[in-house]
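Residue numbers (the numbering used here), protein chains in the order written: chain A, 1 to 277; chain B, 1 to 277.
It is worth saying that the hints were derived from the structure and are not from the lab. The model shown is predicted, which means the values in this text are computed figures rather than measured ones. Keep in mind that the hints are not guaranteed to be accurate.
The list treats identical chains as interchangeable, and a pair is accepted whether it falls inside one copy or across any two copies.
Claimed, not checked - Straight-line alpha carbon distances no greater than 30 Å define the calculated BS3-like cross-link-like pairs of lysine-lysine that follow:
no., residue 1, residue 2
1, K172, K140
2, K2, K118
3, K122, K2
4, K118, K140
5, K122, K87
6, K140, K2
7, K172, K50
8, K50, K23
9, K50, K118
10, K222, K87
11, K122, K140
12, K23, K172
13, K140, K23
14, K87, K45
Given next are the chains, with one letter for each unit.
Protein chains: 2
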Amino acid sequence: MKPVNVGVLGLGTVGGGTVNVLKRNAAEIARRAGRQIVITRASAKDLSKKRICDTHGIILSTDPMDIINDPSIDIVVELIGGTGFVKELILQAIENGKHVVTANKSLIALHGNEIFAKASNKGVIVAFEAAVAGGIPIIKAIREGLSGNQIQWLAGIINGTGNFILTEMRDKGRDFNDVLAEAQALGYAEADPTFDVEGIDAGHKLTILASIAFGIPLQFDKVYTEGITHITRIDVEYAEQLGYRIKHLGIARNTPAGIELRVHQSRYQSFNKQTAT
Amino acid sequence: MKPVNVGVLGLGTVGGGTVNVLKRNAAEIARRAGRQIVITRASAKDLSKKRICDTHGIILSTDPMDIINDPSIDIVVELIGGTGFVKELILQAIENGKHVVTANKSLIALHGNEIFAKASNKGVIVAFEAAVAGGIPIIKAIREGLSGNQIQWLAGIINGTGNFILTEMRDKGRDFNDVLAEAQALGYAEADPTFDVEGIDAGHKLTILASIAFGIPLQFDKVYTEGITHITRIDVEYAEQLGYRIKHLGIARNTPAGIELRVHQSRYQSFNKQTAT
Chain A
1 MKPVNVGVLG LGTVGGGTVN VLKRNAAEIA RRAGRQIVIT RASAKDLSKK
51 RICDTHGIIL STDPMDIIND PSIDIVVELI GGTGFVKELI LQAIENGKHV
101 VTANKSLIAL HGNEIFAKAS NKGVIVAFEA AVAGGIPIIK AIREGLSGNQ
151 IQWLAGIING TGNFILTEMR DKGRDFNDVL AEAQALGYAE ADPTFDVEGI
201 DAGHKLTILA SIAFGIPLQF DKVYTEGITH ITRIDVEYAE QLGYRIKHLG
251 IARNTPAGIE LRVHQSRYQS FNKQTAT
Chain B
1 MKPVNVGVLG LGTVGGGTVN VLKRNAAEIA RRAGRQIVIT RASAKDLSKK
51 RICDTHGIIL STDPMDIIND PSIDIVVELI GGTGFVKELI LQAIENGKHV
101 VTANKSLIAL HGNEIFAKAS NKGVIVAFEA AVAGGIPIIK AIREGLSGNQ
151 IQWLAGIING TGNFILTEMR DKGRDFNDVL AEAQALGYAE ADPTFDVEGI
201 DAGHKLTILA SIAFGIPLQF DKVYTEGITH ITRIDVEYAE QLGYRIKHLG
251 IARNTPAGIE LRVHQSRYQS FNKQTAT
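Next up, chain A with everything else stripped away, as it sits in the complex (with noise of 0.2 Å):
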C-alpha cells in the first residue's frame, strides 16, 4: 500500500521531537498502522537555525503553504502553535483536503468548532491527542474507552509548569518568581509565563476535555480561571503545617445548571494524610 505522507508545519520542540519520533519507530508504527508514514516536507520560519532532528530526506520550506498547496501531502502536521495565521493555514488545508494533525490547544480550544464543523463538511479527520497531556493519551480515552459511560466530572493538574512552580515551592522553600525563571530556563515556560501561570492554558485544555466528556461545543468563554502568581511561600507553609498542598487544578462537573468549569488552586489534603487509611 502507498505510504501516507506527512508535512510538518513547525520544527522547534514539538515538531523537531515528532521527527525524530516518527522516524526512529517508524518500522513499528507501519507495522502498526497497516501503512507506512513518511515525513516527506517540514516547514520552518528559518531553516539555517540548528535543529533537534535529522532532516535529511526532507523537503524544507519557509512558506508553509507550500505544504498545504502540495497534492501529494495527506495529512498536515501542524506544531506552530498560536491562533492568528495558524488557523487560516489549518482552514486552508482542510479546503484542500487534508487531514490535520495539532497540538495547539489553544486554537482548538478558542477556534475549534469552526475547524471542526469544515473538516466534518470536508470529510477530513482533526485529530489534537497532544493538545491535552503530551504523551498520555487521554482525548482517546475520553472519546472512545469510555463512549459508553456518563461522566459526572472530571478534574486534575493539566498544566505542568505550574505544577513545577507549586512543587518546588514546597519542596525547596522557593519563592514563586525565583522557580518561574528556572522553569523558563529549562525551556519548560514560555518566555511569556502569562498563559501558563494565569491559568489560561489550563483553560484551553479544560475546554477541550469538557467538551469531549460532555459533549458539549468548546466554550472557553465559560471557564473561570484563577492563575498562581499570588501563591506565596508561606501560603504554601501554612497549608503544609495544615496538613494540605496547594495544587493547580482544571475541574469540569455537571450539575443541574450545566457544565461547571474551573480553573484554580486548590488546598487539597497531602496525599499522605488521604491514603494512610
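Starting from the known structure of chain A, fit chain B onto it as the hints suggest.
This is chain B only, laid out in the frame that chain A set:
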C-alpha cells in the same frame, strides 16, 4: 441508519450489568457511535433465575447457538466465561461473520491466537477491552494511544481480589483465609478462588497486555506465576516495619533475551516514603 443488533451470551454479574449500561446510556451511546446499539437477544442457562437487569424487549433463549445462528445479529457479546465450549461458540460466531466482544481473559490468553487468526480471515473484529482492568480503557490506550511508542516495560496490580486481600491484611491485621472468605461472600472472588490467589488470573491479563505492548503472540505458558497464598500476616507486619508494602504485580519487560513475563508479590518501599522527596 439501521441499528446495530447485539446478542448477549450470559446474564450474570457482567452480562446483566452490560444490559443495564447499554439500556441506560442508549441515547448517549447512539449519539457518539452514530448508530443505535440495541440488545435484541440474550441467552442464559436458567431463564427462571432472578436477574440484575431488565430484559424487557429482549428475546431470551437457553441455547447461545440461537443467537450465534441468527442472521439479524451483528455483534455477539460473550460474557459466559471459561474456555471449554465457549471457545467453540466464539469460533462459530466468527464463522457466521459476526463481530465478537468478550470480557473473557482466560479465553483470549489461552486461545486468542487461533481466535484472532480466524477473525482476520473472516474480516470481523474481536474486541476484548473488558478482559483486562474492567472499565479502564488500558487495551485501547496501549494499542492505539501509544502506537507511536516503543514500550520497554509495564507493571501493575492486575488482580482486584488479591489486592483486596493484601490491603485488608495490612490495614486490619487480618489473616489471609479470613479475608478470602469475606471476598468470596462479597462476590469479588470466585467460589473457586484459585485463579485469583494463585496468580493465574493476573497471568492471563499480563499475557494479553504484553502481546499488545510488544507485538508478540499470546504466550501464557511463558509467564512465571506465583500467588499470594503463602503470604502471612507476619510477612505483612515485617514489611510494614521495614517501610515496605507487599503488592502482587504483573510485570512484562523487554530484555535483550526476549520479553520477560512475571506475576508475583513484590516488596516495594511504601508509597509514603517514595513520594516524600
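Taking the hints in turn, this is what the structure says about them:
With identical chains, the CA atoms of K172 and K140 are never at most 30 Å apart, being 36 Å at best within one copy and 39 Å at best between copies. Both within a single protomer and between protomers do K2 and K118 lie at most 30 Å apart by alpha-carbon distance, with minima of 27 Å and 26 Å respectively. In the homo-oligomer, the alpha carbons of K122 and K2 lie at most 30 Å apart both inside one protomer (22 Å) and across protomers (24 Å), since each shortest distance falls under that limit. Proximity of K118 and K140 under a CA criterion of 30 Å is satisfied in both settings, with 21 Å inside one chain copy and 28 Å between copies.
Taking the shortest Cα distances, K122 and K87 sit within 30 Å of each other inside one copy (16 Å), while across copies they are farther apart (44 Å). Proximity of K140 to K2 under the C-alpha cut-off of 30 Å is found in both arrangements, the shortest distances being 26 Å within a copy and 26 Å between copies. In this assembly of identical chains, K172 and K50 lie within 30 Å of each other by CA distance neither inside one copy nor across copies; the values are 35 Å within and 60 Å between. Within a single copy, K50 and K23 get their C-alpha atoms as close as 18 Å, which meets the 30 Å cut-off; across copies the closest is 57 Å, which misses it.
Taking the shortest alpha-carbon separations for K50 and K118, neither the intra-copy value of 36 Å nor the inter-copy value of 51 Å comes in at or below 30 Å. Taking the closest pair of Cα atoms, K222 and K87 come within 30 Å of each other only inside a single copy of the chain (21 Å); across copies the shortest separation is 52 Å, beyond that limit. In this assembly of identical chains, K122 and K140 lie within 30 Å of each other by CA distance both inside one copy and across copies; the values are 22 Å within and 28 Å between. In this assembly of identical chains, the alpha carbons of K23 and K172 never lie at most 30 Å apart, being 40 Å within a copy and 53 Å across copies at closest.
For a Cα distance limit of 30 Å, the shortest separation of K140 from K23 qualifies both inside one copy, at 23 Å, and across copies, at 23 Å. Within a single copy, K87 and K45 get their C-alpha atoms as close as 17 Å, which meets the 30 Å cut-off; across copies the closest is 58 Å, which misses it.
Violated hints, in rising order: 1, 7, 9, 12; the structure is consistent with all others.
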